[in-house]
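Asker: Residue numbers (the numbering used here), protein chains in the order written: chain A, 119 to 414; chain B, 7 to 121; chain C, 44 to 193.
Think of the hints as simulated: they come from the structure by calculation, not from any bench. Misleading hints may appear alongside valid ones.
[To be verified] Each computed EDC-like pair below joins lysine to aspartate or glutamate, with the alpha-carbon atoms no more than 16 angstroms apart: (1) A:137 - A:310; (2) B:33 - C:63; (3) A:346 - A:402; (4) A:144 - A:178; (5) A:225 - A:261; (6) B:33 - C:78.
[As the list claims (entries may be wrong)] Residues from chain C that keep clear of chain B, each with C-beta distances beyond 12 angstroms, as calculated: (7) 78; (8) 119; (9) 132; (10) 161; (11) 173.
[Stated by the list, open to error] Label pairs and their calculated CB-CB ranges: (12) A:349 - B:77: 54 to 60 angstroms; (13) A:385 - C:119: 36 to 42 angstroms; (14) B:111 - A:346: 35 to 41 angstroms; (15) B:55 - A:179: 41 to 47 angstroms; (16) B:111 - A:312: 53 to 59 angstroms; (17) C:129 - B:24: 41 to 47 angstroms; (18) C:137 - B:70: 50 to 56 angstroms.
Built from N, CA and C at the ideal position, the CB exists for glycine as well.
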Amino acid sequence: MSDSQSTAAAAAFAAIPEKNLRLFWKAYEGRYDEVSARAAEELLALPEFAAFANLINEEESAARQEASHLRLAQAVDTGSWDEYAEELVSQGEMYGEMSISFVSWYKAISVVRVVVLPHLVEAYGSSGDDLVAAVLGMDAFFDVAMATIGTSYLLRKEATIMVQQDAIRELSTPVLPLREGMLILPVVGVVDSHRAHQLTQGLLEAIRASRATVAVVDITGVPSVDSKVANHFIQTVEAAKLMGTVVILTGLSPAIAKALVTLGVDLTKLNTVGDLRGGVEEAERLLGYQVSQIGA
Amino acid sequence: MAVPILRQGEVLIVTLQGDLGDAEWAKLTDDLLERVAERPTRFAVLDLSVVDVLDSFACRTIVGLTRMVSLRGPKMIVAGIRPSVAFAMVQLGALLPGVATALDLDHAMALMAHA
Amino acid sequence: MHDQETPVSPPRQIAVTSEEGIVLARQAGREMSADLGLSETDQTLVATAISEVARNIILYAGRGVVELEITSGTKGLGLRIIAVDEGPGIVDVELAMRDGYSTGRSLGLGLPGARRLMDDFTITSEAGEGTTVTMVKWGGTSLPIPRTAS
């Protein structure tokens with residue numbers, strides 16, 4: 119992914135009119151360190167970045183800046199932008215991973231433009247044409263640079279969000295102890311084999327920890343219940359039973375129940391009640407009577 | 007090492023100390039049936055809270071033991087099956103049909119109190 | 044972290060010649076799974092599966108060997124169990140592997156059950172040639188340091 123990104127970016131940089139770029143760079147290069155220092159200051163002033171401030175190693179930072187400087191100088195000189203483009207892509211990825219807001223880093227880096235401009239005026243003020251060319255060069259350069267960092271940032275951020283969402287989905291759904299002896303497990307989302315096993319294990323652990331004797335498992339939020347999923351829930355019921363706990367399944371619509379029965383699923387193994395409320399009431403009833411399981 | 011069987015009035019409590027081999031299960035069965043016959047016994051509790059594995063043989067033995075005990079009068083309760091063991095049993099397909107279960111010894115006592 | 048020179052836990056072989064061997068084999072399985080960093084549930088699944096195949100050896104061949112070894116593959120680290128016997132073999136492996144538990148009858152062969160518990164499972168058997176069951180549980184997170192002799 120970053121390969122095609124940096125290739126596109128390199129091409130965009132190479133497309134900047136050479137004269138404009140060189141004029142801009144000539145003025146910028148002389149002040150490079152100073153400008154970079156100002157930009158770094160701006161970044162660190164961001165509260166989002168402040169957390170990382172402590173982790174910055176001064177020497178490493180200086181070395182990286184020096185390397186960046188050389189890369190940019192070489193790119194301008196040779197017209198070959200691959201390496202510099204790659205560096206920008208990495209920078210964007212870093213911001214994406216750090217969850218820094220788009221606005222924040224954009225503003226921080228934009229400060230470079232503000233700092234460089236007076237130097238361009240200073241260098242080319244006397245020649246109107248050169249000044250315009252240098253400013254055009256600066257604009258083009260920063261446009262490509264910001265776009266490169268921005269695209270990379272967004273792609274990485276999206277990827278990070280997806281990973282987070284997967285992780286959240288994989289977490290056991292929350293198990294709620296409603297009152298002494300009762301657990302409620304609302305299941306929301308797609309249930310595949312892997313998740314079903316996780317749910318079962320999570321429920322069994324919760325039963326042990328909260329010492330529940332009745333658990334209400336609500337599957338209203340499960341979009342589809344085929345025979346495979348139904349069998350997973352049957353297994354959950356059976357495993358809980360081995361621990362002495364009754365599981366009441368709620369949220370299984372009569373239509374789906376009928377379909378499952380025709381598929382050969384033995385629903386008598388499932389204690390099904392229409393909705394969650396009904397399930398909780400049934401659970402209360404069971405707890406109130408302290409149903410004895412003795413007597414085979 | 008024999009599995010300890012404690013009597014509390016009309017209740018026998020069998021506490022497994024760990025993983026049992028076939029011969030040990032056989033001895034446990036003999037011992038328990040003997041103790042059941044000694045004095046009036048209403049309940050026998052099999053405490054599995056320390057057991058970390060129950061294979062199909064162990065499950066068949068428990069089912070058989072439950073039947074044999076109940077034929078002689080007392081009701082049997084199996085208590086303390088661990089979450090990971092319960093999960094494995096269900097995956098294996100080795101269930102305990104007809105066997106009363108309880109979360110732990112305390113719950114087993116509560117069950118008995120209300121029977 | 045282990046440096047390069049630290050040897051990985053070597054494979055363990057447990058001779059299964061009596062029902063005591065079943066217990067030894069499954070306890071070894073639990074130890075090695077725990078060393079590998081498998082979850083409590085996975086450790087139990089491994090121990091149970093080993094118990095089933097080891098019992099199978101005793102019931103149908105009288106004697107055999109269960110070998111346990113750490114393995115690594117695209118799924119990371121895992122525990123591979125190879126149960127070998129030179130018994131009469133299984134004439135119809137497919138029939139033997141068919142799930143019988145839904146009929147409510149107790150399983151003579153714990154093989155279908157063991158397969159459900161493990162991630163990878165293969166069985167080769169020929170009449171008169173014995174049986175080899177190979178099964179793997181993946182999900183290991185740490186390389187075990189060899190245990191000191193106990």
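Asker: Give a verdict on every hint.
Answerer: Against the structure, the hints:
1. A:137 - A:310: Since the Cα atoms of residue 137 (chain A) and residue 310 (chain A) sit roughly 60 angstroms apart, the hinted pair is violated (cutoff 16 angstroms).
2. B:33 - C:63: 14 angstroms, holds
3. A:346 - A:402: 30 angstroms, violated
4. A:144 - A:178: 26 angstroms, violated
5. A:225 - A:261: Holds: residue 225 (chain A) and residue 261 (chain A) sit about 13 angstroms apart, inside 16 angstroms.
6. B:33 - C:78: Not OK: residue 33 (chain B) and residue 78 (chain C) at ~33 angstroms, beyond 16 angstroms, violated.
7. 78: Consistent with the label, residue 78 (chain C) stays out of reach of chain B, its closest Cβ about 15 angstroms off (over 12 angstroms).
8. 119: 21 angstroms, holds
9. 132: At roughly 21 angstroms from the nearest Cβ of chain B, residue 132 (chain C) sits farther out than 12 angstroms, so the non-interface label holds.
10. 161: With a cut-off of 12 angstroms, residue 161 (chain C) comes too close to chain B, as the shortest Cβ separation is near 10 angstroms.
11. 173: Per Cβ check, residue 173 (chain C) is outside 12 angstroms of chain B; nearest 22 angstroms; holds.
12. A:349 - B:77: 54 to 60 angstroms: 34 angstroms, violated
13. A:385 - C:119: 36 to 42 angstroms: With a Cβ separation near 38 angstroms, residue 385 (chain A) and residue 119 (chain C) satisfy 36 to 42 angstroms, so the hint holds.
14. B:111 - A:346: 35 to 41 angstroms: 37 angstroms, holds
15. B:55 - A:179: 41 to 47 angstroms: 57 angstroms, violated
16. B:111 - A:312: 53 to 59 angstroms: 34 angstroms Cβ-Cβ, so the 53 to 59 angstroms window is violated.
17. C:129 - B:24: 41 to 47 angstroms: 32 angstroms, violated
18. C:137 - B:70: 50 to 56 angstroms: Check failed, 30 angstroms falls outside 50 to 56 angstroms.
Consistency with the previously given hints fails for numbers 1, 3, 4, 6, 10, 12, 15, 16, 17 and 18, ordered from lowest to highest.
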